[in-house]
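For this one, chain W is given, so just place chain P with the ligands on it according to the hints.
So the chains spell out like this:
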Amino acid sequence: MADENWKPKIIAIICNWCSYAGADLAGGARIQYPPDIRAIRVMCTGRVDPLFILKAFQDGADGVLVSGCHFGDCHYLEGNYKAAKRMFLLKSVLKNIGLDDKRLRMTFVSASEGAKWGTVMEDVVKTINELGPSPLKEFAR
Amino acid sequence: MAEVKKNEEPRIGVFVCHCGTNIAGSIDVKEVMEYARTLPNVIVADDYQYMCSTPGQNKIAEAIDEQKLTGVVVAACSPRLHEPTFRNATKAGGLNPFRFEMANIREQNSWVHMHQPEEATAKAKDAVRIAVAKASLLEDLVPKSVPVEKAAMVVGGGVGGMQAALDLANAGIKTYLVEKSPTIGGRMSQLDKTFPTLDCSQCILTPKMVDVYRNEGIELLTYTEVEQVEGYIGNFDVTLRKKARGVITPEEAEARGIVGGGCTGCGDCVDVCPVIKPNPFELGMAPRKAIYIYHPQVSPLIYTVDFDACVKCGLCVEACGDKKAVDLEMKDELMNVKVGTVVLATGYDIFPIEKKFEWGYKNYDNVITSLEFERLICASGPTGGHLVRPSDGETPKRVAFVLCAGSRDNTGVGKPYCSRFCCMYSLKHAHQIIEKIPGVVPYIFYMDIRSFGKMYEEFYYRIQDEGAKFIRGRVANILEDPVTKNLHVNAEDTLLGRPIDMEVDMVVLAAAVQPTAETEKTRRLFGVSCSQDGWLLEAHPKLNPCGTTTAGVYLAGVCQGPKDIPDTVAQAEGAASAASIPIHRGEVELEPYFAQCIEEKCAGCGLCVNLCPYSALSLVEKDGRTVMQVTEAKCKGCGTCGGFCPGGAIWMQHFATPQIVAQIDAFLLGGEQ
Ligand SMILES: Cc1cc2nc3c(=O)[nH]c(=O)nc-3n(C[C@H](O)[C@H](O)[C@H](O)COP(=O)(O)OP(=O)(O)OC[C@H]3O[C@@H](n4cnc5c(N)ncnc54)[C@H](O)[C@@H]3O)c2cc1C
Ligand code: SF4
Ligand code: SF4
Ligand code: FES
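Chains W and P supply the protein sequences, listed in that same order.
Numbering that gives the first Met the number 0 puts the first residue of the first sequence at 0, with every later residue one more than the last.
Numbering that gives the first Met the number 0 puts the first residue of the second sequence at 0, with every later residue one more than the last.
Where hints are given, some of them may not hold.
To be verified - These stretches of chain P come out as covered by chain W in the derived footprint (C-beta under 8 Å, 3 or more residues):
{"#": "1", "stretch": "109 to 117"}
{"#": "2", "stretch": "528 to 536"}
{"#": "3", "stretch": "642 to 652"}
What the hints assert, rightly or not - Below, a list of computed lysine-lysine pairs in the DSSO-like style, where the Cα atoms sit at most 27 Å apart:
{"#": "4", "chain 1": "P", "residue 1": "396", "chain 2": "W", "residue 2": "84"}
{"#": "5", "chain 1": "W", "residue 1": "101", "chain 2": "W", "residue 2": "54"}
{"#": "6", "chain 1": "W", "residue 1": "54", "chain 2": "P", "residue 2": "600"}
{"#": "7", "chain 1": "P", "residue 1": "600", "chain 2": "W", "residue 2": "84"}
{"#": "8", "chain 1": "P", "residue 1": "541", "chain 2": "W", "residue 2": "115"}
{"#": "9", "chain 1": "W", "residue 1": "6", "chain 2": "P", "residue 2": "29"}
{"#": "10", "chain 1": "P", "residue 1": "414", "chain 2": "W", "residue 2": "115"}
{"#": "11", "chain 1": "W", "residue 1": "101", "chain 2": "W", "residue 2": "84"}
{"#": "12", "chain 1": "P", "residue 1": "173", "chain 2": "P", "residue 2": "453"}
{"#": "13", "chain 1": "P", "residue 1": "323", "chain 2": "P", "residue 2": "242"}
{"#": "14", "chain 1": "P", "residue 1": "396", "chain 2": "P", "residue 2": "468"}
{"#": "15", "chain 1": "P", "residue 1": "435", "chain 2": "P", "residue 2": "414"}
{"#": "16", "chain 1": "P", "residue 1": "173", "chain 2": "W", "residue 2": "115"}
Calculated directly from the structure, the hints in this document are not laboratory data.
A virtual CB, placed ideally from N, CA and C, is assigned to each residue, including glycine.
One chain only, chain W, in its complex shape:
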């Protein structure tokens, strides 16, 4: 299945206040990382409906990253706790439908952690490359 030209399709849903700002900082510092991830900005990871993630996998995403503020730092107090809980549950759902739960990842990157954002990008791309194309891909569309 894994054809030579396969490039991972990874989507990141990230919060405006910490991870998006951290990603911007990585840009300012010209930290270079793999170009395989596309980001969607939400105000807080609390906004991330499990449906979004299931939809992404259904659409053939090879990986999904949700990234927000560190615990205690959420701009809205506790959105990231609630998101983390949901992601945790969602991981078991993914396993049940036969997807490796490493395809879904939640990270915490603050507005000052540009370098960490770069590391997260490297790491996510590496993981998904190792896992190969999502088995759900053929059902997409």
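Same frame as chain W, now just chain P with the ligands:
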């Protein structure tokens, strides 16, 4: 308002920015623009050197007008930088500003994939496609205006906080100045003289302290801490803890019906108090009683009981007599204040330099810190201004100053940053001993002297001329002669390229500064971020150094990063000015990212009600059904409720489920597969 209205055909305009070569250097802008033209709903696509320039913005306005656009996409830098700019341009074209969507192809693309032009261009196309998908579903929104409380709060009463409070009050704004210690003044009141002018620190500070105390617009709350913060710009609801100080002011006495009573600052109580403790203001080098003031110039001049030390013998109560100022049963009190904006000016602490054990601080008697030096050289300090060796009380003749002690230290023990004022105050210290001790030689061990301010370099030359000796090299270790208590300073003189072992009578460590221990608590209370080194994080390092990412909260002084008094005062004036703007305008606009209930879908389960951290949701009866209702004034737009509602009954304005799903679909299903 909450239903999905889609009776218009989306007509989207896409504008791709070159940003000089910032974007065009790694992304084929023309290709992205041509690609945009092929996307569904895109009516017009264009590119321009600098979209944020006036001609760039005009392109947007003109296209909206000519092409009757319903949505605008700009692919450029980060929305965190220019979203407001392009929203204004969209508005100028006659479209609702929330019909605008940005594709970040600079910070999160061209700058991070500089050597992969093909991949960067492909990623930019995806970003544009995702943005067009969202723009096609955007709706008109109206920002909500809320009134701003006509009062401000300053936290921290050092020179920065005092300046901010004075400026705010003098601008006609009622200002609460909250200081955790019994007096205002901060670190500056511990200093003897100030570089480069050498004016006496207390002499220039005391008038300011008096101004603060007398200013009718300032409500000075010393010995008070912030307990809890609720609300947002315009309407912060702050709970303060007034710690029991055991002594009442004349005003408080009057309120208690004690005529002519309250603390007059006479100090009669101190004479009789039997408990002796080290005085933290003198860094433990002088004693104080359990009832105390830090120093004679404190403001307010009210004594304080240290209840951890007090034995409740009651002698002070007796000594105070009819003034009845001492109340040993006093308890902490909570008070509530409402303010529109807040300035944080909580200052700094000294790095515990004993962690650099090779320099022997706390181990060797005659190794002291610069702040201890300030107290020892100060006429009102524990030695009456005579610099003496702690080991034997002798006047030192050879004094080594060790700069960058714990600063610019990448060993993991110290701090990587420059503490910024140590070079200058160490030059000042050299001058002070030359002035006071005939025949003394100051030896300054430095990495490089950073004399960056106005008249600072000149001051450096002056100290060189006065006879201070400069040795360029980091001190490797310091050893004590156990008999004489003299110290051997071992370093490499990097200019002469040889090791030196210098015997001196005293060593002064210019210890690094660090964020205070409570910084973490304070920043969480106010929802402010910190940088990696722990200092409070400004909204933008260059363009918004006084603001924070939390609207309505501003920064002044060293809490944002090391800076000397002139820079602290300047930043405080900036922060005060920024904090006064929303108050003077009288209202602020909140981004209308509110939750809305789609009542037909709402099952009235109430699960969302408990999720909202701001209690913005409630259940109400409507047409015989139970449905959720949003109180817009409380909703901050996090979307936590919207991310959860099992029935999809919550419409998050500007981040609605169909809009986000459209973005996901556009990325995964829309491009070349
Ligand atoms: C040895 C030494 C010598 C120096 N010499 C000079 C000099 O010659 N010239 C010069 O320009 N600069 C000098 N400086 C630097 C100077 O001390 C600072 O620039 C200045 O004190 C910064 O003022 P600030 O208001 O930011 O902080 P601070 O002076 O630290 O004041 C902060 C205040 O906030 C209070 N606070 C802290 N946390 C809270 C809280 N959570 N709630 C309520 N209150 C709180 C503190 O009690 C304190 O009163 C020297 C510094 C040192 C260490
Ligand atoms: S200000 Fe001078 S002494 Fe202080 S850390 Fe910077 S270079 Fe070192
Ligand atoms: S969006 Fe956030 S703040 Fe608004 S009602 Fe929902 S949970 Fe509460
Ligand atoms: S705002 Fe970043 S996770 Fe909530």
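*Straight-line Cα separation of residue 435 (chain P) and residue 414 (chain P) no greater than 27 Å?*
Roughly 33 Å between the alpha carbons, so the hint for residue 435 (chain P) and residue 414 (chain P) is violated.
*Claimed coverage, the stretch 642 to 652 of chain P by chain W - three or more beta carbons nearer than 8 Å*: holds (count 4)
*Mind checking the alpha carbons of residue 101 (chain W) and residue 54 (chain W) for me, to see if they're no more than 27 Å apart?*
The given pair, whose Cα atoms are some 17 Å apart, holds under the 27 Å limit.
*CA of residue 101 (chain W) to CA of residue 84 (chain W), is that 27 Å or under?*
Status holds; Cα separation ~16 Å.
*Going straight from one Cα to the other, do residue 414 (chain P) and residue 115 (chain W) come out at no more than 27 Å?*
20 Å, holds
*Going straight from one Cα to the other, do residue 600 (chain P) and residue 84 (chain W) come out at no more than 27 Å?*
25 Å, holds
*Sort out whether residue 453 (chain P) lies within 27 Å of residue 173 (chain P), counting only the CA atoms.*
34 Å, violated
*asked:* So if I understand the rule, the pair passes when the alpha-carbon distance is 27 Å or less; does residue 541 (chain P) with residue 115 (chain W) pass?
replied: 22 Å, holds
_Would the hint linking residue 396 (chain P) and residue 468 (chain P) be met if the CA-CA limit is 27 Å?_
13 Å, holds
*Keeping to a limit of 27 Å between CA atoms, is the pair of residue 173 (chain P) and residue 115 (chain W) held or broken?*
43 Å, violated
_Please verify the coverage claim for the stretch 528 to 536 of chain P: does it have three or more residues whose C-beta sits within 8 Å of some C-beta in chain W?_
Holds: 5 residues of the stretch 528 to 536 of chain P have a Cβ under 8 Å from chain W.
*Holds or violated: residue 323 (chain P) with residue 242 (chain P), Cα cutoff 27 Å?*
With Cα atoms ~19 Å apart, residue 323 (chain P) and residue 242 (chain P) stay inside 27 Å; holds.
Of the numbered hints listed earlier, those contradicted by the structure are 4, 12, 15, 16.
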